[in-house]
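K.L.:
If you want the building blocks of each chain, they are given just below.
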Amino acid sequence: MMDCQNMGSKLSALMDHELSIEEEVKLREHLEKCQKCMLEFEEMRAVWNLMGQIPAIEPSADFWDTLHTKLVPQKESPFTRLNKVAQSIWDTLKDLFGVRLKPGKAHTFSLDVFNDFPPESFGRVLYPMFLDKVK
Amino acid sequence: MDSDVILMKRIAHGDLLAFRRLVERHQKGLLNFIYRYTGDRLLAEDITQEVFLRVHKSAPYYKPKAKFSTWLFKIATNLCLNELRSKDPPAISLTDPNHSETNPLTPSHLLEKSNPGSILESRELSMAILDAIGALPEKQRVAFLLHRYEDKSYKQISEIIGSTVSAVESLVFRAKQNLRKALNEIWRTK
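Here the protein sequences line up with chains A and B, keeping their order. In terms of this note's numbering, the first sequence is residues 6 to 140. In terms of this note's numbering, the second sequence is residues 90 to 279.
Isolated chain A (complex conformation):
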């Protein structure tokens, strides 16, 4: 015999088809005998059905166009622009001082302040130890 106490979550799961077959059979047998639980189940179902009365809305006609407009400036992100500037400075310095990169010798800088950059794209930048050479 099932206990009517704390039956609510079981009834909710029954309505959501989240019970195992065994649990569902047991609970349905109980509902046939227990008017109180049956009433609670019916009330839950009524609210569930009532919730279906919110009409679905449609995206606005210019949804894609607006999204597309927002997308275009992303083609060149701040990271890309900064990267280009950094690259040109680096190339100039290399030309000026004739610095050569030493494999395996590099500083790692955390650039977490650039939070608006694409995820995982600009967390760290390898920066060769050219300054020591310059000094």
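Since the hints were made in silico from the structure, they are not lab data. The beta carbon of each residue, even a glycine, is placed where N, CA and C say it ideally should be. Check each hint, because a few of them may be wrong.
Pairs of lysine-lysine, DSS-like flavour, derived with a Cα cap of 27 Å [unchecked claim]:
(1) A:Lys-75 x B:Lys-117
(2) B:Lys-163 x A:Lys-75
(3) B:Lys-244 x B:Lys-117
(4) A:Lys-41 x B:Lys-270
(5) B:Lys-228 x B:Lys-244
(6) B:Lys-152 x B:Lys-98
Sample of chain B residues lacking proximity to chain A, with all beta carbon distances greater than 12 Å (derived) [as the list claims (entries may be wrong)]:
(7) Val-94
(8) Glu-172
(9) Ala-217
Covered stretches of chain B, going by a simulated chain A footprint (3 or more residues, C-beta under 8 Å) [unchecked claim]:
(10) 225-231
(11) 254-262
Knowing the structure of chain A, use the given hints to seat chain B on it.
P.N.:
Relative to chain A, chain B alone:
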């Protein structure tokens, strides 16, 4: 392979048509989920666009660990929570009777103000339901909306909100209980 995953791979290579297809496939479901969560159509459209922008941005790094729609709704849920936390006071708990007396948006207040005959007008009914959903605590609201309108299983919801299946079961149950209290008067007259 999931067709959404194929589209994501194409998007990662800059295929705009693939992105458009993905947007068209998911925009309505996503928009309605966010609309039901926020109760604000314009805000819902803005957030939906932001979700798609993030999807586009993340395409090169996307790894299909879970179902695509699970990932999509996870982004949407996080944006909804961030948006509302930054703009609104904390969600009102229907279990606290003091709140329903003071908050002008609670369903009980709406019912008191409304003519019982006119509440059955579909627009007012929709508003009452949206208000009742909007008054749910955040996680109950998300869990309920994903389950009721997006047909997500408890397991899928647990992946979206980062919780256990039993916690989701409890959230959905408590959401139903709260909605039942809030909408009691409406459905009895219905």
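K.L.:
Each hint needs a verdict: does it hold in this structure or not?
P.N.:
Against the structure, the hints:
| no. | hint | in the structure |
| --- | --- | --- |
| 1 | A:Lys-75 x B:Lys-117 | holds (19 Å) |
| 2 | B:Lys-163 x A:Lys-75 | holds (22 Å) |
| 3 | B:Lys-244 x B:Lys-117 | holds (23 Å) |
| 4 | A:Lys-41 x B:Lys-270 | holds (17 Å) |
| 5 | B:Lys-228 x B:Lys-244 | holds (15 Å) |
| 6 | B:Lys-152 x B:Lys-98 | holds (10 Å) |
| 7 | Val-94 | holds (19 Å) |
| 8 | Glu-172 | holds (16 Å) |
| 9 | Ala-217 | violated (9 Å) |
| 10 | 225-231 | violated (count 0) |
| 11 | 254-262 | holds (count 4) |
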